[in-house]
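*Asks:* Line by line, the protein sequences give chains A and B.
For the first sequence, the tail end lands on 79 under the working numbering, and the numbers increase by one without skipping.
For the second sequence, the tail end lands on 151 under the working numbering, and the numbers increase by one without skipping.
Be careful, since some hints might not be right.
What the hints assert, rightly or not - Derived DMTMM-like pairs: lysine to aspartate or glutamate, alpha-carbon spacing no greater than 25 angstroms straight-line:
(1) Lys-126/B with Glu-61/A
(2) Lys-55/A with Glu-64/B
(3) Lys-126/B with Glu-31/A
(4) Lys-55/A with Glu-138/B
(5) Lys-127/B with Glu-72/B
(6) Lys-55/A with Asp-116/B
Simulated from the structure, these hints should not be mistaken for lab results.
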Amino acid sequence: MARVLLFGRLADQAGWRDRLIEADDLSTLREALAADDPELGDALAAPGVQIAVDKAIVRGEAALTTATEVAFLPAMSGG
Amino acid sequence: MIVTPTVTLADQPFEPGALVTAFCAGRQETGAVATFVGLARAEQGAAAALELEAYPGFTDAAIEEIARTAIERFKLQDVHIVHRTGRIAPGEAIVFVATAAGHRREAFEACDFLMDYLKSRAPFWKKEHGPDGARWIEPTDRDRTDAQRWD
Chain A
1 MARVLLFGRL
11 ADQAGWRDRL
21 IEADDLSTLR
31 EALAADDPEL
41 GDALAAPGVQ
51 IAVDKAIVRG
61 EAALTTATEV
71 AFLPAMSGG
Chain B
1 MIVTPTVTLA
11 DQPFEPGALV
21 TAFCAGRQET
31 GAVATFVGLA
41 RAEQGAAAAL
51 ELEAYPGFTD
61 AAIEEIARTA
71 IERFKLQDVH
81 IVHRTGRIAP
91 GEAIVFVATA
101 AGHRREAFEA
111 CDFLMDYLKS
121 RAPFWKKEHG
131 PDGARWIEPT
141 DRDRTDAQRW
151 D
């Protein structure tokens with residue numbers, strides 16, 4: 001189980017920004033999100049989308065536990 | 001001396017003058033304080049409001065990291081950054097940066113450096129609300145080349 005956060009255009013596209021999802025690792029999480037909403041799955045896999053696990057950027061795979069927070073971060077705009 | 005930057009994300013309007021006064025108070029060894037205040041532009045009616053989304057705990061940590069870089073690079077005595085989030089009306093302050101140094105050059109340059117980072121690379125997501133609806137904004141080419149000056 002992980003707490004998934006979407007930001008920027010990803011949250012607009014999905015229609016939600018905060019959801020609990022059952023998954024043991026990032027690839028399983030991506031599959032669950034894509035199964036629920038294939039267009040969102042594509043958007044999350046697009047170049048320029050970074051992932052933060054517990055507020056640290058990760059590239060590649062990561063294990064998830066109950067308390068893990070996974071944020072999908074589209075291209076940042078600056079302030 | 002270890003200098004710790006102060007970084008605040010503010011979801012309500014703030015008053016820049018009060019921040020300058022507080023930042024300047026009680027300094028004996030500071031010769032220069034440089035400040036920058038960024039305001040939301042109306043763009044001749046094209047931008048009714050800006051909406052800035054941050055990731056609390058991630059966005060402020062990223063800004064603190066660049067502030068620590070500025071402290072080391074420009075030998076700063078202090079840094080204070082306040083950045084608005086949420087819906088921001090034209091004329092409201094979006095960002096406040098204050099730097100304190102022994103001499104003016106370091107204070108000016110650090111302020112410029114921090115703003116170039118904040119405008120181009122800071123983890124915010126910006127939406128402009130205008131007469132034709134809302135659109136997501138990305139950094140301009142100018143923002144990117146300004147930031148590259150410091151690489």
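*Asks:* Each of the hints needs a verdict: does it hold here or not?
*Replies:* Consistency of the hints with the structure:
In summary, the hint linking Lys-126/B to Glu-61/A is not supported, as the alpha carbons are separated by about 29 angstroms, beyond the 25 angstroms threshold. Between Lys-55/A and Glu-64/B the CA atoms are separated by roughly 14 angstroms; this keeps the pair inside 25 angstroms, and the hint holds. Restraint check for Lys-126/B and Glu-31/A: the C-alpha separation of about 28 angstroms exceeds 25 angstroms, so the hint is violated. Restraint check: the Cα-Cα separation between Lys-55/A and Glu-138/B comes to about 22 angstroms, which is no more than 25 angstroms; the hinted pair holds.
For the given pair, Lys-127/B sits about 33 angstroms from Glu-72/B by alpha-carbon distance, which is inconsistent with the 25 angstroms threshold. About 23 angstroms separates the Cα atoms of Lys-55/A and Asp-116/B, which keeps this hinted pair within 25 angstroms; it holds.
In summary, the numbered hints that this structure violates are 1, 3 and 5.
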